[in-house]
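Guided by the hints, dock chain B onto chain A, whose structure is given.
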Amino acid sequence: MENKSSPFFHPDWLKLQQQYTDAFASMGAEQSGDSGKHPPWQDFLNQWRQTLDKDLPGSVKPLFANIQQQSTVFYSLADEFASLLNTIKTAGPTSGDWRSLLADFIAGLKRQFDNVGMDNKGWSSMSSFLRSPLHYGWWQAMQSSTPFVDTLFETASNQSHEKMQQYFSMMPGFGPTREFQEKLSQAGLLLQDYQKHYQTYQQALTKLGKQSLDRLEQKIVDLANAQQKITSLRQIYNLWIDASEETYSRHAFDDGHAIMYANLVNALMKYRLQSNVIMDMVLEVMNLPTSAGMNTVIKRQQQMRNSVQQFQSELDQIRRTVKKKTGAGSSPVARKPVAARKKKTTPKPE
Amino acid sequence: MNPFELTPEKIAAEVFEFNQKLAGGFETLRQIQDVSTGVSDREAIYEEDKLVLYRYKSRTEKQHTVPVLIVYALVNRPYMADLQEDRSLIRGALDAGLDIYLVDWGYPDSADRFLTLDDYINGYLDRCVDVVRKQASVDRINLLGICQGGTFSLCYTSLHQDKVRNLITTVTPVDFHTSHDLLSQLVRHIDIDNTVAALGNIPGEVLNWAFLTLKPFRLMGQKYIDLVEILSDPEKTVNFLRMEKWIFDSPAQAGEAYRQFIRYCYQENQLIKAGIKLGDKTVNLENITLPILNIYARDDHLVPPDSSKALAGCVSSSDYTELEFPGGHIGIYVSARAREMLPQAIADWLSKRSV
Numbered sequence: 002m003e004n005k006s007s008p009f010f011h012p013d014w015l016k017l018q019q020q021y022t023d024a025f026a027s028m029g030a031e032q033s034g035d036s037g038k039h040p041p042w043q044d045f046l047n048q049w050r051q052t053l054d055k056d057l058p059g060s061v062k063p064l065f066a067n068i069q070q071q072s073t074v075f076y077s078l079a080d081e082f083a084s085l086l087n088t089i090k091t092a093g094p095t096s097g098d099w100r101s102l103l104a105d106f107i108a109g110l111k112r113q114f115d116n117v118g119m120d121n122k123g124w125s126s127m128s129s130f131l132r133s134p135l136h137y138g139w140w141q142a143m144q145s146s147t148p149f150v151d152t153l154f155e156t157a158s159n160q161s162h163e164k165m166q167q168y169f170s171m172m173p174g175f176g177p178t179r180e181f182q183e184k185l186s187q188a189g190l191l192l193q194d195y196q197k198h199y200q201t202y203q204q205a206l207t208k209l210g211k212q213s214l215d216r217l218e219q220k221i222v223d224l225a226n227a228q229q230k231i232t233s234l235r236q237i238y239n240l241w242i243d244a245s246e247e248t249y250s251r252h253a254f255d256d257g258h259a260i261m262y263a264n265l266v267n268a269l270m271k272y273r274l275q276s277n278v279i280m281d282m283v284l285e286v287m288n289l290p291t292s293a294g295m296n297t298v299i300k301r302q303q304q305m306r307n308s309v310q311q312f313q314s315e316l317d318q319i320r321r322t323v324k325k326k327t328g329a330g331s332s333p334v335a336r337k338p339v340a341a342r343k344k345k346t347t348p349k350p351e
Numbered sequence: 394m395n396p397f398e399l400t401p402e403k404i405a406a407e408v409f410e411f412n413q414k415l416a417g418g419f420e421t422l423r424q425i426q427d428v429s430t431g432v433s434d435r436e437a438i439y440e441e442d443k444l445v446l447y448r449y450k451s452r453t454e455k456q457h458t459v460p461v462l463i464v465y466a467l468v469n470r471p472y473m474a475d476l477q478e479d480r481s482l483i484r485g486a487l488d489a490g491l492d493i494y495l496v497d498w499g500y501p502d503s504a505d506r507f508l509t510l511d512d513y514i515n516g517y518l519d520r521c522v523d524v525v526r527k528q529a530s531v532d533r534i535n536l537l538g539i540c541q542g543g544t545f546s547l548c549y550t551s552l553h554q555d556k557v558r559n560l561i562t563t564v565t566p567v568d569f570h571t572s573h574d575l576l577s578q579l580v581r582h583i584d585i586d587n588t589v590a591a592l593g594n595i596p597g598e599v600l601n602w603a604f605l606t607l608k609p610f611r612l613m614g615q616k617y618i619d620l621v622e623i624l625s626d627p628e629k630t631v632n633f634l635r636m637e638k639w640i641f642d643s644p645a646q647a648g649e650a651y652r653q654f655i656r657y658c659y660q661e662n663q664l665i666k667a668g669i670k671l672g673d674k675t676v677n678l679e680n681i682t683l684p685i686l687n688i689y690a691r692d693d694h695l696v697p698p699d700s701s702k703a704l705a706g707c708v709s710s711s712d713y714t715e716l717e718f719p720g721g722h723i724g725i726y727v728s729a730r731a732r733e734m735l736p737q738a739i740a741d742w743l744s745k746r747s748v
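Respectively, the protein sequence lines represent chains A and B. Heads up, the first sequence is in the numbering used here, so the first residue is 2 and it goes up one at a time. Heads up, the second sequence is in the numbering used here, so the first residue is 394 and it goes up one at a time.
For reference, chain B alone in the conformation it holds in the complex:
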């Protein structure tokens, strides 16, 4: 049976309809002057080089006594966690009574070429933790790591557990050699020493390319045809643009730190083998005994669930909880479902452990 219930005329009509939407959409696009991101009020409380540590203004009368420091990745920008009012992990966490701080690593330039993972984790991050501890007058704070920031949080906690009360990791790669990890597969044979020697800092465009090649036809093609369908709706179009802005807002990566991260993690999978050395200290996840909430995304194509769930077998914590989010790597922060599910789940989990 011929499956085509289509004629050339019908195709022409469909293309015409598509064109009408495109033409109408042009008007929508023309009226969009700026796409704002980062909706929650905050204050910079510490700055060092390109790094800024923010504290978010509380939105509740009573707050949890132990603050939460969000450690974002070096890749892309942290406003993804506070994209817009109805799509903000941070807003949700504030509404749930959490006291939120966030590390913004900034945009490295050529002067940052030789920053190492040691500088980032035992340097910048440790000093941020100290500032938050001092400000909140507590000895230990809660850490919440996002993606690569989760890996950083794990490294940090294994070395400075005396300063961390509870650890929350979200879509965090732990085992970098799982079978569904295409990113890891693609970078496995890259001569990373030569790449960093040639480029110095790694341009954001190169990273974007790497991420887009994981699903090239959907991410570089189909989504723009999907967009035409919603171009008549200014609100939906702005939401799309906001995401698009975030996706392509990619800071360059400090060359040496990038070299170490790719070599140690993606190529040699040393995080789970206690093989990462930061300065004169060795990261051993078995050192971690504190409570852990490990949140992963079921449909994550960047950090496959198996990669995150490997954490369970690496740490010594007797209080380890896993939470599966039914969505993808980005949806875990920006979807309506995430807004409903995650902030409250995190707040509930913390309140049982921060009293």
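Chain A with its partners taken away, still in its complex shape:
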């Protein structure tokens, strides 16, 4: 497989990585007309995307970001397994001890989870492929429902519970009224509560990650026992995905997981609700419409519309009865389509 005439093939893995990413970045730069400096391979995809992003149609950009993210995962997996294969190769082809080398390798990967600890920063120092999509997915999904104090919320998600407690204990009371200060203080407590549940969730993900690695190891051993071969990185990637899904599924169906997940969502929603109250207090001081006030208006409008619909329906019924009694034609439905009274739209493809 080795081809010394090509910059992409070399026994030295790190050097090889640098070469192929340099070459690949050149390809990207050629397409975009950018011949800037080449970053290390870990940052390469980011750089590449940023360079080329402007050329992509808007509809494709989110997809490309997802491809990029997963490509990083794929590279990370390649990096880790290349290191394992090097170790096995060094041990010699006749060595039957590949199983203990694999076990050491898996144990090494699992130790990366131990570094996550109570501080979220540990996640970023892990191999990309070990980071659960549930970890980054939660934050992405919840951005649409985060309250107005985004920075504080992000801080809470990324700090240890102890640090947050310290943060709030040092925070001075502020706000125009005593009631406002009290609400803020309650929000602080709710944020701490959310943060506690977020940490529990992270710890569960850590446990899941470790168990997925155990499952992956078992799958590799099972293949060996069945005299089957692993011939590609993609095969390893698929095994890891299968192992992760199986482990996750087993946990997710457990009541304990459902309760933990609900605690996380419920804590976030309590905090969000309190934030709404605080926001309304600010708006009220400024003599602007509050969300509570808007809700009242919308509710009343809804009730009125229902009443109108009810009257309309009764009117239609009466009309039908009258029509029947006067012997006019009996159409199955008397209600006139609203479309007949409203502007018709030209149907367009979605």
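None of these hints come from the bench; they were simulated from the model. Check each hint, because a few of them may be wrong.
Unchecked claim - Here are the computed lysine-lysine pairs in the BS3-like style, where the Cα-Cα straight-line distance is at most 30 Å:
1. Lys674/B with Lys325/A
2. Lys55/A with Lys616/B
3. Lys527/B with Lys326/A
4. Lys208/A with Lys616/B
5. Lys300/A with Lys450/B
6. Lys230/A with Lys220/A
7. Lys616/B with Lys62/A
8. Lys220/A with Lys90/A
9. Lys230/A with Lys616/B
10. Lys702/B with Lys556/B
11. Lys220/A with Lys403/B
12. Lys211/A with Lys111/A
13. Lys527/B with Lys455/B
14. Lys450/B with Lys527/B
15. Lys62/A with Lys443/B
16. Lys674/B with Lys324/A
17. Lys638/B with Lys616/B
18. Lys325/A with Lys556/B
19. Lys62/A with Lys629/B
20. Lys300/A with Lys674/B
21. Lys414/B with Lys55/A
22. Lys414/B with Lys230/A
23. Lys455/B with Lys62/A
24. Lys403/B with Lys90/A
25. Lys55/A with Lys638/B
26. Lys616/B with Lys211/A
27. Lys230/A with Lys455/B
As the list claims (entries may be wrong) - Footprint (simulated), chain B over chain A, 3 or more residues, beta carbon under 8 Å:
28. 52–62
29. 178–189
30. 199–210
31. 239–246
32. 273–287
33. 290–303
None of these values were measured; they are calculated from a predicted model. Positions of the beta carbon are idealized from the N, C-alpha and C atoms, including for glycine.
Quick look at chain B alone, frame taken from chain A:
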């Protein structure tokens, strides 16, 4: 025996090949300007608030006399049933001679915060049914419910059976507490009152998150690596993008209706217990005596087959048919196999019952 027939060099070669595909794929992606969806000709015949009722143009000389009203879910967008020419349940149904109408609920905004299930089912849906009945000059029409739209169709039929001739449910949740229903398991302990009070309408991103967490590693990871393999093929890439567009095109959910649906169905499983109240009426599936065709997907991870098949034990219909589709929740509408199998099966089943 060491199972690894791999070397670091071989891995490097594979990564290099992957990179080449990625770089080549960038060119494909750059050339895709727009991904169109919704291929069949149609006309808006009724509008109310955000709702639009469409009638599809016929593609055959002769048509079935009893029209079919497709009731889509509030979740995601109905163009999934008419995604592209060779992947369209609607196109297939038109080719089989059916007269197709479709309810598009639109994108609710904050003004729709207090819409209830009663508003959707006894309000919007009932008025759509009336419009179709009038337009087709028939007393009763056929209903075809998709997923949550199937649950709505069941609720509607139990309360307005005099307006429905035949009912077709597709991948429809009926028993929400079956053992393989992960979605139900995950929302069981959520404080839904507080969630809706906090958020008002439920953002589409939150729903997407819930669906993706059912298979997070496949749906948020593996499929994008799979995609790299097909990036050199513009047609396949566009097909993928079309699906991707649909998956992430998630309308927000009207808060109150969402609260009721989660509470009544997912948390309390009231549909099969005759416990759902819509306005002053109680939904009782036992009221349903008309012919039912219940189509479920064998590999459905969102609505497990058991959840759909529970319908058989809930209704009083003496003409009840089940049809298993060998695929998943989405494949039932967009796969080539679905295109071959379902429209004709539906048309055949209806033609025996709509004469």
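Would you check the hint for lysine 325/A and lysine 556/B, treating anything up to 30 Å between C-alpha atoms as holding?
Distance of about 19 Å is within 30 Å: holds.
Are lysine 220/A and lysine 90/A close enough, with their CA atoms no more than 30 Å apart?
21 Å, holds
30 Å Cα cutoff - pair lysine 674/B, lysine 324/A
Since the Cα atoms of lysine 674/B and lysine 324/A sit roughly 28 Å apart, the hinted pair holds (cutoff 30 Å).
Does lysine 230/A pair with lysine 616/B here, judged by a C-alpha cut-off of 30 Å?
24 Å, holds
Within the assertion that chain B covers the segment 290–303 of chain A, do at least three residues meet a Cβ-to-Cβ distance smaller than 8 Å?
holds (count 7)
Satisfaction of hint between lysine 326/A and lysine 527/B, Cα-Cα up to 30 Å
OK: lysine 527/B and lysine 326/A at ~20 Å, within 30 Å.
Could you grab the alpha-carbon distance between lysine 616/B and lysine 62/A and see if it respects the 30 Å cut-off?
16 Å, holds
Mind checking the alpha carbons of lysine 62/A and lysine 629/B for me, to see if they're no more than 30 Å apart?
Status holds; Cα separation ~17 Å.
Restraint check for lysine 414/B with lysine 230/A, where alpha carbons must lie at most 30 Å apart:
Roughly 25 Å between the alpha carbons, so the hint for lysine 414/B and lysine 230/A holds.
Are three or more residues of the segment 199–210 of chain A within 8 Å, CB to CB, of chain B?
violated (count 0)
So if I understand the rule, the pair passes when the alpha-carbon distance is 30 Å or less; does lysine 616/B with lysine 211/A pass?
Since the Cα atoms of lysine 616/B and lysine 211/A sit roughly 23 Å apart, the hinted pair holds (cutoff 30 Å).
So is the segment 178–189 of chain A in contact with chain B by the C-beta rule, three or more residues under 8 Å, or is the coverage claim wrong?
That given contact is violated, which follows from only 0 residues of the segment 178–189 of chain A lying within Cβ reach (below 8 Å) of chain B.
The earlier numbered hints that this structure contradicts are 5, 23, 27, 29, 30.
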